[in-house]
Amino acid sequence: MSDAAAPSAPSSPVHRMFSLGRIAALAGNTLRDLIRQKVFYFMLVFALILIGASLVLVSLSFQGEIQTLKDVGLGAISVFTMLLAVLSSAMLLPKDIEDRTLYTILAKPVTRFEYLLGKLSGVIAMLATATVLMTACFCGVLLLWQGRAIDNIEMNYPVDMKAESVAAATASPDSTAPQTRRELEIQKLESETFNGSLFGAIAILLLRAAVCAAVTLMVSCFATSWLFTVVAAFMMILIGHIVPIARDAWQAQAGMGGELAIHIKLLLMGITVFCPDMQLFNLVDDIAVGKIIPMEVFMQTTALGFGYLAIYVFVGYLFFAWREL
Amino acid sequence: MHDSDGFCDKSAHRNGKNANNGRYGRYGRYGNYVFPIILIIPLPPIKRCTLRRTPSNFTHDIPPVSRKIPSHQNPVSSTPAISIQSLTKEFKSPSLFQRGSITAVKNLSLNVEAGSVYGLLGPNGSGKSTTMKIVLGLVAPTSGRTFIFGRDSRDVDSREAVGFLPENPYFYKFLTGEETLHFYGKLCGLRGNKLKNRSKELLELVGLTDAAHRRVGGYSKGMLQRIGLAQALVQEPRLLVLDEPTAGVDPVGSRDIRDLILELKQRGITVMLCSHLLGQVQEICDRIGIMHRGELVREGALDELISIENQTEFVLENATPELLKELRVKVEASGARVVGQHKPQQNLERYFLDVTNDPKK
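First to last, the protein sequences are chains A and B. Counting from 1 along the first sequence, just add 185 to a position and that's the residue number in the working numbering. Mapping the second sequence onto the working numbering, position 126 (from 1) lands on 106, and the numbers just tick up by one.
Among the hints, a few may not be true.
[Stated by the list, open to error] Sample of chain A residues at the chain B side, in silico, Cβ under 8 Å:
| hint | residue |
| --- | --- |
| 1 | G206 |
| 2 | A210 |
| 3 | N214 |
| 4 | D218 |
| 5 | Q222 |
| 6 | D284 |
| 7 | T286 |
| 8 | A292 |
| 9 | T296 |
It should be emphasised that the hints constitute simulated quantities derived from the structure, not laboratory data. Where a beta carbon is used, it is the ideal one built from N, C-alpha and C, also for glycine.
For reference, chain B alone in the conformation it holds in the complex (with noise of 0.2 Å):
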């Protein structure tokens, strides 16, 4: 991902890689880098590049948890995870003295390729949550037609390829974590030692090994979202629908669960998402749909869609202020602008994980 010149083509930490060590960036897009300047110049170039120098002390950055996911033999196919064929779903109004409907979604059509991540996004109200349960035969629509994996989302068997977590899940809060698994892979056909090696693997993997014998009514948000990704994961699907996966978790958790998507995504796993925070769809997300009032009003590859086509942005280190006047005089005699100049700044993430990181871990 690296030319010789170190500049770094940013669609491979969007691809879950760090260009340095192959592993996963733990503080986001611009990892440990330093940004001493930034100039923005609206050039007509065809890639959108950023100069800096790969950082040293990248090693803590390993995801905490290990990695135990099985992969697919052929995770990327040509059919389509998901295909949504002009979908319209109308809710009749719930009040008998009013007649009428509201028009959750309205004649959307999108493909999903396997092996991808896909964010949808929109307002509240807009119509993603309607879409997804569509999609998982939960909601039946008024026209149009969902597949997965090529199959009618409507037949229940589409569904062994799919893994679910809604938004803000409970489960059953009698249960241990451990017996919640047990539950969960048992509706999908799992028994025995198979099952028993699964939920170990899992609550593992999702980081609650020492909460696996603890009730779940006793767990607080973070280990909820992350015992439903373990039981969406319990079969090994092929295709993961998450609902604000990291609704109400904190930063660490966050982390950790974008960290755990991009890792199913290297394993083939198709990821659909639907988040409100933009900034970690913009870190995980391959391609995104934009509803609004209903309808799918923007869709595409990201890059494509955020680029903004006629700027060029270099990240300059221990740049001298003759530089730096320098360039600018080259830049406005060929024509081009300048249109700001301002120091870079760590994100407000990267900031409180250097606060709280602990160095037990």
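Chain A extracted, bound-state conformation (with noise of 0.2 Å):
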């Protein structure tokens, strides 16, 4: 360090370190810049047709069709949010400094923890459209099915006025009338199909996507192509849905044969840490076989991905702050 004085610097209101404005600022910018790029479109629509196809995909299927149908629009969602956010988060910053444009955005009064923050808004903002229109999509063809379903069970159980009537003088909890069966299958029928259990569970796919994006984010933040960024990034998160099995099958041998070893207990613990585990995002499974999953999971998951998130961007941010650009 050179020990010469500094100059003297003219007073000027105050700089805020952290902007809300800025971030929301390079959020919307990079919505829009990859709302507007050929390949959203196309990945959404390609998921959009895979959903739809479940209608027909349903009779050819030895499930149930509610499973059928929820495995195929659930697993479509998950898959290709998943897809959009890896893809998506990959070229951001690679992009940016082949092109100089980091270099215009870092120049004015930008620090590099709110560019990183505003990029991961972004791209969660762009899966979150992506979510709602997909998740309009697999309820429009929910909603389809069950109309036809419901057709179904009233063709089962024709409308017979007389023994309605019959029914209703002498209403009991346990009526087992063809009328009142027949609005007992509807309305299983219904929570079948749609319950809080379903939406919960797209919420915590998106999360999962989100936290996907933040790993890709955290690669790109050190790696220097943005090949290596996407493959790290799916090697990764390949990890975190491997690792949860190996563990538990690791455990499930100590519990026969003894303790496990310290040194497997740090390792899993780390890789843990370091790739994020994507079975406890998983909720997708209980629900397409129609459980109802407790709203503590949702918390305990939601907190997870918060945490997961967190930890993502902040090391994402030593990496950058570190960057030579």
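Put the two chains together into one complex; each comes in its own frame, and the hints tell you how they fit.
Here it is, written out as structure tokens:
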């Protein structure tokens, strides 16, 4: 460091180190940039076609119809949100560096943390848009199927006005009159098709995609190429899917034969922090078979997702802050 | 700037003013003047002057865009716009198998006075861009410090006073020109009508009003430079840092950018630029620094650095051979020596602009 005296600085208003306005500007710009790209529409249309095609797949499946519909629909939302998250986040930073757009942004009074947070917020906004569109299409498919299923129930339990009036007169809670059974069937069908858990699970899928985006953005903060970022991010996400299975297997083995070795425990802990535990976000399988997910589980999963987001943004910022541009 | 004999101080041109009408010379330093003969005599004069006739048809040299750049209340301040103190930057070898480092900038110290136009010159790899990036806080120095109007340039708030145009910039190609300026304006805290008006003014200033609603992806190279310049000016900065501002731009666009820089200087905005177009640097810069292999090898006022102190240049019009012969005899009799005698040429830029000049503009 030079010991020369610094020139005197004129007084000026205090600069805010963290501005929601700047983050919103960056997020809005990122969202606009992403949704104007053809690849976004291509992937979205592909996902919507897949969700729509589940109506045809229903007749080919050996599973229950509603289970097949939910499997395909939620599976499509899950896969495409994750793909969109990784592919759109991976190019943000390298492209800005390559085009020198990053220089023009950081030469303004914008901190690197604001830049990263703004970019991530933009990607999450894009993912939310895509999720809302896919969910709307999915709900449309479910409604269509539900309408057909209700028609079938009504055909199986035709309306008999006389019996209905008798049933109403002798109203008992355990009544199994044909009309009441029909209503029960319809109610059961409706509750199986749409419930709070379904939309909760979709929100968790969005959160998982946001975590994938944060992982990708973190990798791009030290990576030197777009390809490396994509490959590394997918590897981390893949490991995040596989490691919980391996952990369960090891723990089951230890439960039978003794204590889990300390180095394996440390390794598992390290990997769980380094790679997000994707199985914890997987509520779709339970939803597909008609289980109701308790609110507690939703809250815990949401907290975990935000925890991962905070970790990856912070680590990404550390890499980015040290990076020579 | 003129004296009664028609002598003209060339610094008037470098200051951006034509001696005749106070506007900016469209065709470079010598405008539309006619130079039949130049005599270069190695005398020990104090001042180097050019004898010339002022043109009568200079009215078309008005810059093509309207000028609505706000002037600063106190444009010239005693605090240097940029102060670089003992700056050194070493880059570590990117290879895992090779140790060592590359020194991009070595012990560099310089000041850029507020309100001046400073040219940082040097061959490729001499450390100019690294120096600029350090000044803008994009790269951390290994040692030394840099200040912008007295604020440490590592502090984000120092950048409130700075506009930057990098070399060959590309912007978000899915945004229109207007949206691009809105984006950069929002980053600088501008909102609402103020932002809209500012964007409109800047689009007009850089001549992109007609392309305001076109996507930047369809802009030509010159248009990209112009929108780049507009984004650099969006928050009304006191300092502009320009890296090759006319790279890849055609002569007309290049002239417009040069005129704009001179206009900004008149408004009290400090400009620091890197350029390989030395002719243009000579026209607009007050001071220059020449870097070579990371070191500042020359620095000073342009006049002082490039003047040949023991030579004087006369440009005569309608001089007869007899007069020239007489002059030569007198010069040689006085002990001085005529180094050269030749007919001046108009520069290629002027010729090109004459040929491509659109009378509708």
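Margin query: Is the interface hint satisfied for A:A292? The criterion is a beta-carbon contact with chain B at less than 8 Å.
Written below: holds, 4 Å
Next item on the list: Verify the interface restraint on A:A210: the C-beta must sit less than 8 Å from at least one C-beta of chain B.
Entry: holds, 4 Å
Margin query: Let's test the interface hint: is any C-beta of chain B closer than 8 Å to that of A:N214?
Written below: Constraint on A:N214 satisfied, holds at 5 Å.
Next item on the list: May I ask you to test the interface hint for A:D218 with respect to chain B, counting a Cβ-Cβ separation under 8 Å as satisfied?
Entry: holds, 5 Å
Notebook entry, point to check: Do the numbers back the hint for A:T286, that is, is its least Cβ distance to chain B under 8 Å?
Noted result: Cβ of A:T286 sits 6 Å from chain B, so the hint holds.
Note to self: Using the nearest Cβ pair, does A:Q222 come within less than 8 Å of chain B?
What the structure shows: Check passed: Cβ of A:Q222 comes within 7 Å of chain B, closer than 8 Å.
Checklist line | Given hint A:G206 near chain B, where the shortest CB pair must fall under 8 Å | finding: holds, 7 Å
Checklist line | Cut-off 8 Å, beta-carbon criterion: hint that A:T296 touches chain B | finding: Holds, because the Cβ-Cβ distance from A:T296 to chain B comes to roughly 5 Å (cut-off 8 Å).
Checklist line | Residue hint A:D284, partner chain B, criterion CB-CB below 8 Å | finding: The hint holds - A:D284 has a Cβ within 8 Å of chain B, the shortest such distance being about 4 Å.
Of the numbered hints listed earlier, not one is contradicted by the structure.
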